[in-house]
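Asks: Protein chains in written order, with the UniProt record's numbering: chain F, 1 to 297; chain H, 1 to 302.
Hints should not be assumed to be uniformly reliable.
[Unchecked claim] Examples of chain H residues toward chain F, derived with CB under 8 Å:
hint: 1; residue: G194
hint: 2; residue: A195
hint: 3; residue: Q204
hint: 4; residue: L206
hint: 5; residue: S208
Just so you know, these hints were derived from the structure itself, not from any lab.
Glycine residues also receive a C-beta, built at the ideal position from the N, C-alpha and C atoms.
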Amino acid sequence: MSTHPATASTRPASEDSREISMTGIGSESEREIPDIPPNPVMEALKLNVFYGDFHAVHDVNLSFGKNEITALIGPSGCGKSTVLRCLNRMNDLVSGARVEGEVTYHGQNIYARNVDPIAVRTQVGMVFQKPNPFPKSIYDNIAYGPRVTGMKVENMDDLVEEALRAAALWEEVKDKLKQSAYGLSGGQQQRLCIARTIATKPDVILMDEPCSALDPIATSRIEDLMVGLRDDYTIIIVTHNMQQAARVSDRTAFFTARPDETTGNRTGLLVEFDRTSNIFANPNDKRTEDYISGRFG
Amino acid sequence: MSVAATTARDMTRVVSTGRSKDRGVGSLVFLGALWFSLFFGVMVLLVLIIDVAIAGSPRFDSALLTEYGSIVSPETTGFRAGILGSLWLMLFTALLAVPLGIAAALYLEEFADGERWWNRMIEVNLQNLAAVPAIVYGLLAVAVISLMGFNRTGIVLGGAVALALLILPVIIITTREAVRAVPQDIRQGSLALGATVWQTTWRQTLPSAIPGIATGTILGLSRAIGEAAPLIVVGLAGSVRFDPTGLFSEITALPMQIYSLTSQSREELQTAASAAIIVLLIMILGLNALAIFIRNKFQKTW
Chain F
1 MSTHPATAST
11 RPASEDSREI
21 SMTGIGSESE
31 REIPDIPPNP
41 VMEALKLNVF
51 YGDFHAVHDV
61 NLSFGKNEIT
71 ALIGPSGCGK
81 STVLRCLNRM
91 NDLVSGARVE
101 GEVTYHGQNI
111 YARNVDPIAV
121 RTQVGMVFQK
131 PNPFPKSIYD
141 NIAYGPRVTG
151 MKVENMDDLV
161 EEALRAAALW
171 EEVKDKLKQS
181 AYGLSGGQQQ
191 RLCIARTIAT
201 KPDVILMDEP
211 CSALDPIATS
221 RIEDLMVGLR
231 DDYTIIIVTH
241 NMQQAARVSD
251 RTAFFTARPD
261 ETTGNRTGLL
271 VEFDRTSNIF
281 ANPNDKRTED
291 YISGRFG
Chain H
1 MSVAATTARD
11 MTRVVSTGRS
21 KDRGVGSLVF
31 LGALWFSLFF
41 GVMVLLVLII
51 DVAIAGSPRF
61 DSALLTEYGS
71 IVSPETTGFR
81 AGILGSLWLM
91 LFTALLAVPL
101 GIAAALYLEE
111 FADGERWWNR
121 MIEVNLQNLA
131 AVPAIVYGLL
141 AVAVISLMGF
151 NRTGIVLGGA
161 VALALLILPV
171 IIITTREAVR
181 AVPQDIRQGS
191 LALGATVWQT
201 TWRQTLPSAI
211 PGIATGTILG
221 LSRAIGEAAP
231 LIVVGLAGSV
241 RFDPTGLFSE
251 ITALPMQIYS
261 LTSQSREELQ
271 TAASAAIIVL
281 LIMILGLNAL
291 AIFIRNKFQK
301 TW
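Chain F on its own, in the form it takes in the complex (with noise of 0.2 Å):
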């Protein structure tokens, strides 16, 4: 497919885009991977998610290694987007939402009692699926994040250029930073989102489904962008697109979705974690093959 990352410098691209992907290409096919995620930043520990009554996610361990990208796949309803939402406590944020078991950020659980979801969210920030900048100007998006958290900036205009050159977004904007962000297109609205998380400066990034709504070469352009901030930070991505977790990840976890005996509803559980290579050349377990190979799902 055209949108791997190592055919990216083919194609023509701006100077910042060439630049991410030359960071990419070497790391794609030479990058170790260890058996175990290293020094794992954040870590689920039999986590149980529950809506009311309902039991979302059953059992769910995880650990994330530094500057790594771990994808989160699996049928629909199986639970991986609220995962993903229990890292920065998102969750937290629908009423009725009940999270059982430990998340921790650098050994600290993240749902204890003294923790405040508003310092985990400055540290584990968040993209969502829709491309959401706010109705306000391109400089005001990036900005926001940096002045509600209360940072320290010396130039606010030299942390929006900052943040905006890291997601490749800075060459097609510099001349229009006070115009609306209505204005871009999906794809850089959503370079734009990714600009204004790295604004804050956070570890890790969760990102939900971010390409699910961008054509095809907008996917190529953020992939090769999530490769490219892979040396900076943690990136923790949920995707229905099989092809784009085995582009970009270096871990993947499968998740499928099991329906209860007696009322029906289906609860999240995780099948297998393990290397990316791994998971789509040779997985442990009958259930990621057939998915991986298209037989259900």
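With chain F held as given, fit chain H onto it using these hints.
Replies: Okay, now just chain H, sitting in the frame of chain F:
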């Protein structure tokens, strides 16, 4: 006859019947009934306005706007006090009702847990408040004013309290709708960056909802400007002969003046009342036009 057996010619006959079922008798009768209903509503309104305009036409002069009410010289009686009084009432009604209404709506939409019984009770009561007869708010305003220690009636404050109570439910309901129309994506985006719920409400939700809030507020005010019943209870005079000077000055309002003149027997006063009704209509239509302008100009597409 199975589809497979149908030849092309048969199919042609099925669709080219030469008439439309949408033009059958039943459809036409129904359409006619709809047209009649529309016609009836619009005609009643038009006849009413034209009748009043003709009755008031001899008095479309500047004295109508600049003179105080006078029974001694009924041919030059004016509505200066009523127009100014209504404008003052609108100003203070807005000052009282808008901040309270917006704050209440924001609480209900952004902070309240809708599962709790007390929040649900508030919601139900809010719907009921919108249906309370206007005169009841007048009584309530009298009680509030006397509790506040004022013994004079018919002052700006009393009228403004009554009208503010009257339009508070309208403002709360329309503000809630405007706030609800702001996509959840925007709130989530803000919260995910580490903003608090308060920051998200103040910096994202409220600014995006302002056009809707402004529209609702103006429509509420245009309802309040036409009300006479609560003002009668609060004790506004039918006529005063001075301009309002402050929150505690005695005033009259345009609907009050119209009400008191229509009960007079002199024909000149009846004519003046008709002319004043047109002035009131123009003020209300002006407010509505402003609301429509704001809605169209600042309408957001998400």
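Asks: For each hint, tell me whether it holds in the structure or not.
Replies: Against the structure, the hints come out as follows:
no.: 1; hint: G194; in the structure: 4 Å, holds
no.: 2; hint: A195; in the structure: 4 Å, holds
no.: 3; hint: Q204; in the structure: 6 Å, holds
no.: 4; hint: L206; in the structure: 12 Å, violated
no.: 5; hint: S208; in the structure: 6 Å, holds
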